[in-house]
Amino acid sequence: MQARTGLFCSLFLHLSVVLLTVFWFGNGAMKSLDKPYMVDLVSFAPAGGGGGGGQKAPAAKVEAKDIKALPEKALPEPPKPVAKPEPAARPEPTAISEKKVETKKQAKDKQADALASALDAVKQDVSKRDKKGQRAVANELATLRKSAGDIYAEGEGEGGAGGAGSGTGSGLLAVYGSIVEKAIKKNWRFPVVGRDKNLVVVVEIRISKAGQILEAKVAQPSGRPDFDNSAVKAVTETKELPPPPSDKIEALRINFNLQDLKQ
Amino acid sequence: MQKPLLVAACLCLVLCELLFATMAPAAEGLTVDIFGPGQRRVNLVILPPRPLGSNPIPDLAPAFSEFVRKNLFMLPFLNLVPAAEILGGDPSRGIQAQDIDFKPLQLGRIDLVMTAGWEGSELQARVFETFGGRRLVGKAYSAVDQQSLPRVADRFCSLLIEALTGMKGFFQSPLAFSRKLNGAKEIYTVMPNGRDLSRVTNLGKYNLQPAWSKDGSRVAFTHLGESGHQLGVWEKKSRRITLKRFSAGTVISPTFTPEGQIAVTLDIGGSPDIYILDKEYKPLGTLAPHWAIDVSPSFDAAGKTMAFISDRAGTPQVYLLDRGTKEVKRVTYEGNYNTGANISPDGRFVVFARQMPGGHKIFVRELATGLERQITFGPGSDEDPCFGPEGYFVAFCSTRGNGHKIYVTTRNGDDPFVVPTGEGAAFSPAWDTSRHESD
Numbered sequence: 001m002q003a004r005t006g007l008f009c010s011l012f013l014h015l016s017v018v019l020l021t022v023f024w025f026g027n028g029a030m031k032s033l034d035k036p037y038m039v040d041l042v043s044f045a046p047a048g049g050g051g052g053g054g055q056k057a058p059a060a061k062v063e064a065k066d067i068k069a070l071p072e073k074a075l076p077e078p079p080k081p082v083a084k085p086e087p088a089a090r091p092e093p094t095a096i097s098e099k100k101v102e103t104k105k106q107a108k109d110k111q112a113d114a115l116a117s118a119l120d121a122v123k124q125d126v127s128k129r130d131k132k133g134q135r136a137v138a139n140e141l142a143t144l145r146k147s148a149g150d151i152y153a154e155g156e157g158e159g160g161a162g163g164a165g166s167g168t169g170s171g172l173l174a175v176y177g178s179i180v181e182k183a184i185k186k187n188w189r190f191p192v193v194g195r196d197k198n199l200v201v202v203v204e205i206r207i208s209k210a211g212q213i214l215e216a217k218v219a220q221p222s223g224r225p226d227f228d229n230s231a232v233k234a235v236t237e238t239k240e241l242p243p244p245p246s247d248k249i250e251a252l253r254i255n256f257n258l259q260d261l262k263q
Numbered sequence: 264m265q266k267p268l269l270v271a272a273c274l275c276l277v278l279c280e281l282l283f284a285t286m287a288p289a290a291e292g293l294t295v296d297i298f299g300p301g302q303r304r305v306n307l308v309i310l311p312p313r314p315l316g317s318n319p320i321p322d323l324a325p326a327f328s329e330f331v332r333k334n335l336f337m338l339p340f341l342n343l344v345p346a347a348e349i350l351g352g353d354p355s356r357g358i359q360a361q362d363i364d365f366k367p368l369q370l371g372r373i374d375l376v377m378t379a380g381w382e383g384s385e386l387q388a389r390v391f392e393t394f395g396g397r398r399l400v401g402k403a404y405s406a407v408d409q410q411s412l413p414r415v416a417d418r419f420c421s422l423l424i425e426a427l428t429g430m431k432g433f434f435q436s437p438l439a440f441s442r443k444l445n446g447a448k449e450i451y452t453v454m455p456n457g458r459d460l461s462r463v464t465n466l467g468k469y470n471l472q473p474a475w476s477k478d479g480s481r482v483a484f485t486h487l488g489e490s491g492h493q494l495g496v497w498e499k500k501s502r503r504i505t506l507k508r509f510s511a512g513t514v515i516s517p518t519f520t521p522e523g524q525i526a527v528t529l530d531i532g533g534s535p536d537i538y539i540l541d542k543e544y545k546p547l548g549t550l551a552p553h554w555a556i557d558v559s560p561s562f563d564a565a566g567k568t569m570a571f572i573s574d575r576a577g578t579p580q581v582y583l584l585d586r587g588t589k590e591v592k593r594v595t596y597e598g599n600y601n602t603g604a605n606i607s608p609d610g611r612f613v614v615f616a617r618q619m620p621g622g623h624k625i626f627v628r629e630l631a632t633g634l635e636r637q638i639t640f641g642p643g644s645d646e647d648p649c650f651g652p653e654g655y656f657v658a659f660c661s662t663r664g665n666g667h668k669i670y671v672t673t674r675n676g677d678d679p680f681v682v683p684t685g686e687g688a689a690f691s692p693a694w695d696t697s698r699h700e701s702d
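As given, the protein sequences belong to chains A and B, one line each in that order.
Heads up, the first sequence stops at 263 in the numbering used here, and the numbers go up one at a time, no gaps.
Heads up, the second sequence stops at 702 in the numbering used here, and the numbers go up one at a time, no gaps.
Among the clues, some could well be false.
[Stated by the list, open to error] Calculated pairs, BS3-like style, for lysine-lysine (alpha carbon to alpha carbon, straight line, at most 25 Å):
| # | chain 1 | residue 1 | chain 2 | residue 2 |
| --- | --- | --- | --- | --- |
| 1 | B | K431 | A | K197 |
| 2 | B | K545 | B | K589 |
| 3 | A | K186 | B | K366 |
| 4 | B | K366 | A | K239 |
| 5 | B | K333 | B | K431 |
| 6 | A | K186 | A | K239 |
| 7 | A | K217 | B | K366 |
| 8 | A | K197 | A | K217 |
| 9 | A | K209 | A | K182 |
| 10 | B | K431 | B | K499 |
| 11 | A | K197 | B | K567 |
By construction, these hints were calculated from the structure, which means they are not laboratory data.
With these hints in hand, go ahead and build the complete structure from the sequences.
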């Protein structure tokens, strides 16, 4: 009886593992891996100072602007012909018959009407394309969010290797990490003389949803107080970061390495 | 049959739990790595001197601040901010941390603040970090007068550099060099800030290629007189010069080993080789025997490695000799004419001059990684590079200005400054590295 139970358990376990592998890796995770590459491109919009909470709206706006900008430039220079006839109306003192003025006015109106209708047509076309583009971007984002939503949430996990340099986190996080790195690095001042020993201080930062730095403290000191101070000072002087890509990100760990990899 | 079902149900539950545990979002956080500061200079302000007691500050006081300012101006990791630029003016009531309001300094992004207090000939000088008010350096000097004032300023600046970077000896390590005056070339010494310019030789003709002993007590050089080459050795303490002639005519680029012996290129065997000499300056043997020409030996502080120039591959290139294994390794492969090799006291870097289309330029090579970097640019020709005691500053001779002058840069290639050496052309700088201590 016991052997039977054991066999049954073993069979069940193996079956569970096989099914789990097929459904888990086969359907979900593997498929969604194709998408994050597209998330990277879209994620520049919120990182560049877009609204705090949503990645959707700013990304769509960027796309819409691009589409609008092109056809407007291609318009047949409407302001010029409208503006040019004005000097012709100036010579008030000279005796020009009202008829002539009227016919000129009519001609002008006709021209303006034609231009206006052309402009409307172009605008309609643009808005159609605009809406199409917006829909496409929105659809794309929705798809991305569906597939990559869990990646946003997982993010850095236990705070291991991710970040700007290592880039093992999601695309959005990696880009955000890179922006944070640039923002803080530019305020970091410390004498660089090319020591053979590297110094590393880990600073923990608490940030608001809007990206404001609420608190900075040394989590792991380097052993040199002036070096630690320089790192905290760099964070303090930075004051504000772009809003994080996920509301759930409330803390950042910054590893300040004295040695520059480029040198 | 119920039992297996129960077990299976339990297992299923455990598996589900495991599955959800992996799917559940982990704690949010992001780790960002920053490699190297964005700004390599820290901002420092020197506050006006203050009286320590009831007496007014002495006339020397502003001069001390000025000496310090001139010294610190040379350093590529400090940016001096005029005190007039502080928001709301001088934020201090005294010279101690509790007397300074650090807030306006922090707002002005000033990192360090220096104070000086005087009571007659007594001086107290301090440097504080504005972030937190921590004292970085504090020193009291007594019996300060007009004569000792520059040296007091140099000593204080050395302390500040050490506190900031761990490097020792920059303002207290003299350079020896060859100076052309009235048709002759004589050996001189000078501090990198131009202080204590002093003549070493008065032998006439040509005295070239000086090199300090590792303890800073002697300078060896080549004397090219009426009767050919001679090895010259100057003793700092007694100011005595010894000249030694060799049967072989040529004496090129003498230098000291860390053990105090002299290594010099002689052409005893028909081809110029680097020989090691005993205390009586008798050749003991060659260090890297080869039929080719070997010159410019240079040793690290530990004496493990010798860098030198050899044309054994057809053109002058930098080589390294491992003194333990006697193994010779070629270091440079780029360029057809690499000369003037000098190894840093810690043995990590070699600096040398490479012939380029616009003249010679100075390059630094990290020996462990093989990374090479050009550190001098601009007009003219840059030659004869040598490391300072900290292995960070590099002195070299350049024609970028009017004639040959000595300049100092860093191994990062920071903007060079000229070393005031007085009238006449200056060549072949050699740094006293006796104050070298590993960080």
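Now for the hints, and whether the structure bears them out:
The straight-line distance between the Cα atoms of K431 of chain B and K197 of chain A is roughly 16 Å, inside the 25 Å bound, and the hint therefore holds. At most 25 Å may separate the alpha-carbon atoms for a hinted pair to count; K545 of chain B and K589 of chain B meet this at roughly 21 Å. Under the criterion of a C-alpha separation no larger than 25 Å, the hint pairing K186 of chain A with K366 of chain B is consistent with the structure, at around 21 Å. Only pairs whose Cα atoms come within 25 Å are accepted, and K366 of chain B paired with K239 of chain A is accepted, the gap being roughly 16 Å.
A threshold of 25 Å between alpha carbons decides the hint, and for K333 of chain B with K431 of chain B the separation of about 18 Å falls inside it, so the pair holds. Among the hinted pairs, K186 of chain A with K239 of chain A is consistent with the structure: their alpha-carbon atoms are about 12 Å apart, no more than 25 Å. The suggested pairing of K217 of chain A with K366 of chain B holds, with an alpha-carbon distance near 19 Å, which does not exceed 25 Å. Between the alpha carbons of K197 of chain A and K217 of chain A the distance comes to roughly 23 Å, so the proposed pair stays at or under 25 Å and holds.
The straight-line distance between the Cα atoms of K209 of chain A and K182 of chain A is roughly 19 Å, inside the 25 Å bound, and the hint therefore holds. Under the criterion of a C-alpha separation no larger than 25 Å, the hint pairing K431 of chain B with K499 of chain B is consistent with the structure, at around 21 Å. Under the criterion of a C-alpha separation no larger than 25 Å, the hint pairing K197 of chain A with K567 of chain B is consistent with the structure, at around 21 Å.
Checked against the numbered hints given earlier, this structure breaks none of them.
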